[in-house]
Amino acid sequence: MSSSNKLSSTNSPTLQGFLRSDGRKGIRNCIVVAYLVECAHHVAREIVDSFRGQPVHLIGFGGCYPNAYADRMMNKLCTHPNVGGALLLSLGCESFNRHRLAEEIAKTGRPVSTVVIQQTGGTRKSIDSGKLWVEQALKQIAEVPRAPLSVNELVVGTVCGGSDATSGISANPAVGRAFDMLVEQGAATIFEETGEMIGLEDVMSARAVTPELGHELKASVEKAAYYYKQMGHASFAPGNAEGGLTTIEEKSIGAYCKSGDSPISGLIKPGDVPRKGGLYLLDVVPDGEPRFGFPNINDNAEIAELIACGSHVILFTTGRGSVVGSAISPVIKICANPETYERMSDDMDVNAGKILRLEASVDEVGEEIYEKVLDVASGTQSCSESLGHQEFVLTYKSFEPIGPSCLPM
Amino acid sequence: MQPEGKSRKLLRIHRDDNVLIVVAPVRPGDRDVIDGCEVVFTQNIGIGHKVAARDIRAGEKVYKCGVPIGSAKEPIPAGAHMHLHNLKSDYIATYTLDKDHVFVK
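Chains as they are written, first to last, in this note's numbering: chain A, 1 to 409; chain B, 1001 to 1105.
These are computed hints drawn from the structure, not numbers from a lab. Using N, Cα and C, we set each Cβ at its ideal position, and we do this for glycine too. Treat the hints with caution; some may be incorrect.
Covered stretches of chain A (chain B as the covering partner; in silico rule of three or more C-beta atoms under 8 Å from a C-beta of chain B) [stated by the list, open to error]:
(1) 195 to 207
(2) 244 to 252
(3) 256 to 269
(4) 352 to 360
List of simulated lysine to aspartate or glutamate pairs, EDC-like, C-alpha gap at most 20 Å [claimed, not checked]:
(5) Lys276(A) x Asp261(A)
(6) Lys1088(B) x Glu1060(B)
(7) Lys1009(B) x Glu339(A)
(8) Lys1061(B) x Asp261(A)
(9) Lys1009(B) x Glu242(A)
(10) Lys218(A) x Asp1090(B)
(11) Lys223(A) x Glu400(A)
(12) Lys1088(B) x Asp202(A)
(13) Lys1009(B) x Glu359(A)
(14) Lys1088(B) x Glu242(A)
(15) Lys1009(B) x Glu364(A)
(16) Lys1009(B) x Asp1035(B)
(17) Lys1061(B) x Asp202(A)
(18) Lys218(A) x Asp261(A)
(19) Lys223(A) x Glu196(A)
(20) Lys1009(B) x Asp1030(B)
Incomplete in silico selection of chain B near chain A, CB under 8 Å [unchecked claim]:
(21) Arg1008
(22) Ile1013
(23) His1014
(24) Lys1050
(25) Pro1068
(26) Ile1069
(27) Gly1070
(28) His1083
When you get a sec, could you build the whole thing from the sequences and use the hints?
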């Protein structure tokens, strides 16, 4: 109710960002140390561990066989606006194209170096060599120019994990309100979880800015339904009537309502970065027949995809109490369940459980989330960040590029 | 949200909703004020369940979180429990349940 007043008082606050060569701005300035096969993971981790407390993050791809999706993800992550430079760790015989990745990063003006363990002389020498480079790179990225950053330059993603019956009636609708406020201010917001939106295809399609996009949105949910069925996953069993859920639409609202009420401006796939503000659906379900198993093996695989789409910040709702954070972009935890919040408050940034105790309205918690986004964007650490969480997961997937109707002008 | 007669048991999630969510157990004889009208509950209703925020006509769309979740099978008075007996899905399912409750195309 008071959201419009609140908005005018916080209208386009100016933050400071780290200016990158493509014009995008980061809210963090970290070095990523990226292993390009599991065989280089240990060396990469040893390097990162020696910079504890400094902005040096570990990411990587464990597979030895090539995968176009993993290539693209690594490229987008290493050139994310929150990333100032990258050290690549290669064993030497894996099939990941380390040359192309290093070239793409170098093109953006970021410092980049590749340590090939077999050429460098093994574990110890590679760790020493990598540490030396990171020390220099940290000094170099401290010189990155700062520039004013407006809310309309932010990209904010949302995901839920460790959900319970409270998620859909407190934290998720509150994130929806925060998304509406962000979109109103010109930010780009991204939601996903098409596999949990069965029954709402038509409702969602009707929100698309063009009928053609509406068709694509509907098709993405149908694709998810088929894919999960092939996985033998019971995600679409009807809701638990005992808990008060009556229809399949109602069950699906839990995930869907995080999107808020804004029109849907586009459908993107992992690695597609929205070029303007608005609300976007991220289609995380692979194209074609299932080949590599579940679309996303856990919450962090989804978070990595939201970040590859440019997300500066992730809004993570949880009822049972997830503790994860992420490499590269801060994760803000919104706790749906008041009892979980009391038990795990160190890990939770926002207590949406207040809504269930009738101590705050959905709108009020939505405003609190919006303010928390700006606070974290201005440099304040989120709970998971300050606790040192930097989880990262990247697995095999396959996608076709998005169609021409997915991003209407 | 509800400056007058703020409910201690019922949560309104979205301004467009015509259902309210029960956030504390409701027992027969409990009273509550819903949008200015006093309602006396006649049955036990558990947390997470829904009640009508106002009188709802038969066939009227039912909104939760601002999203249509189905339509009323019969006239539903304000404060009445809303569940399988008076609310039905409007989703024409591509995927339906077989006798073993398994999704089939």
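Results for each hint:
Evaluation of the coverage hint for the stretch 195 to 207 of chain A: fulfilled, as 4 residues show C-beta separations to chain B shorter than 8 Å, against a requirement of three. Residue count for the stretch 244 to 252 of chain A with a Cβ under 8 Å from a Cβ of chain B: 7. That meets the three needed, and the coverage hint holds. Residues of the stretch 256 to 269 of chain A with a Cβ under 8 Å from some Cβ of chain B number 3, which satisfies the need for three, so the listed coverage holds. Residues of the stretch 352 to 360 of chain A with a Cβ under 8 Å from some Cβ of chain B number 4, which satisfies the need for three, so the listed coverage holds.
Distance restraint check for Lys276(A) and Asp261(A): the Cα-Cα separation of roughly 18 Å lies within the 20 Å cut-off, and the hinted pair is therefore satisfied. As the CA atoms of Lys1088(B) and Glu1060(B) are separated by approximately 11 Å, the hinted pair is consistent with the 20 Å bound. Of the supplied pair hints, the one linking Lys1009(B) and Glu339(A) holds, its CA atoms being roughly 17 Å apart against a limit of 20 Å. For a cut-off of 20 Å, the pair hint linking Lys1061(B) to Asp261(A) stands: about 18 Å separates their Cα positions.
Taking the CA atoms of Lys1009(B) and Glu242(A), the gap is about 18 Å. The hint holds against a cut of 20 Å. Restraint check for Lys218(A) and Asp1090(B): satisfied, since their Cα atoms lie roughly 16 Å apart, inside the 20 Å limit. Of the supplied pair hints, the one linking Lys223(A) and Glu400(A) holds, its CA atoms being roughly 13 Å apart against a limit of 20 Å. A hinted pair counts as satisfied when its Cα atoms are at most 20 Å apart, and Lys1088(B) with Asp202(A) qualifies at roughly 17 Å.
Proximity of Lys1009(B) to Glu359(A) is assessed by CA-CA distance (about 12 Å); at most 20 Å being required, the pair is judged to hold. Our distance criterion of 20 Å between C-alpha atoms is met by Lys1088(B) and Glu242(A), whose separation comes to about 16 Å. Between Lys1009(B) and Glu364(A), the direct Cα distance comes to roughly 18 Å. Compliance with the 20 Å bound is thereby established for this hinted pair. This hinted pair checks out: Lys1009(B) and Asp1035(B) have alpha carbons roughly 13 Å apart, not beyond 20 Å.
For a cut-off of 20 Å, the pair hint linking Lys1061(B) to Asp202(A) stands: about 14 Å separates their Cα positions. Proposed proximity of Lys218(A) and Asp261(A) is supported: the alpha carbons are some 17 Å apart, at most 20 Å. For the suggested pair Lys223(A) and Glu196(A), the alpha carbons sit about 12 Å apart, so the restraint of at most 20 Å is met. At most 20 Å may separate the alpha-carbon atoms for a hinted pair to count; Lys1009(B) and Asp1030(B) meet this at roughly 10 Å.
At its closest, the beta carbon of Arg1008(B) sits 6 Å from a beta carbon of chain A; the interface hint therefore holds under the 8 Å criterion. Proximity of Ile1013(B) to chain A holds as hinted, the smallest CB-CB distance being about 5 Å (cut-off 8 Å). At a threshold of 8 Å, the smallest CB-CB gap from His1014(B) to chain A is about 7 Å, leaving the interface hint in force. The beta carbon of Lys1050(B) is positioned within 8 Å of a beta carbon in chain A (closest approach about 6 Å), and the interface hint is therefore held.
Nearest Cβ of chain A to the Cβ of Pro1068(B): about 6 Å, under the 8 Å cut. The hint holds. Evaluation of the Ile1069(B) hint against chain A yields a held restraint, the C-beta minimum of about 4 Å falling below 8 Å. About 4 Å separates the beta-carbon of Gly1070(B) from the nearest beta-carbon of chain A, less than 8 Å, and the hint is met. Hint status for His1083(B) relative to chain A: holds, with the closest Cβ pair at about 5 Å, below 8 Å.
Of the numbered hints stated above, none is contradicted by the structure.
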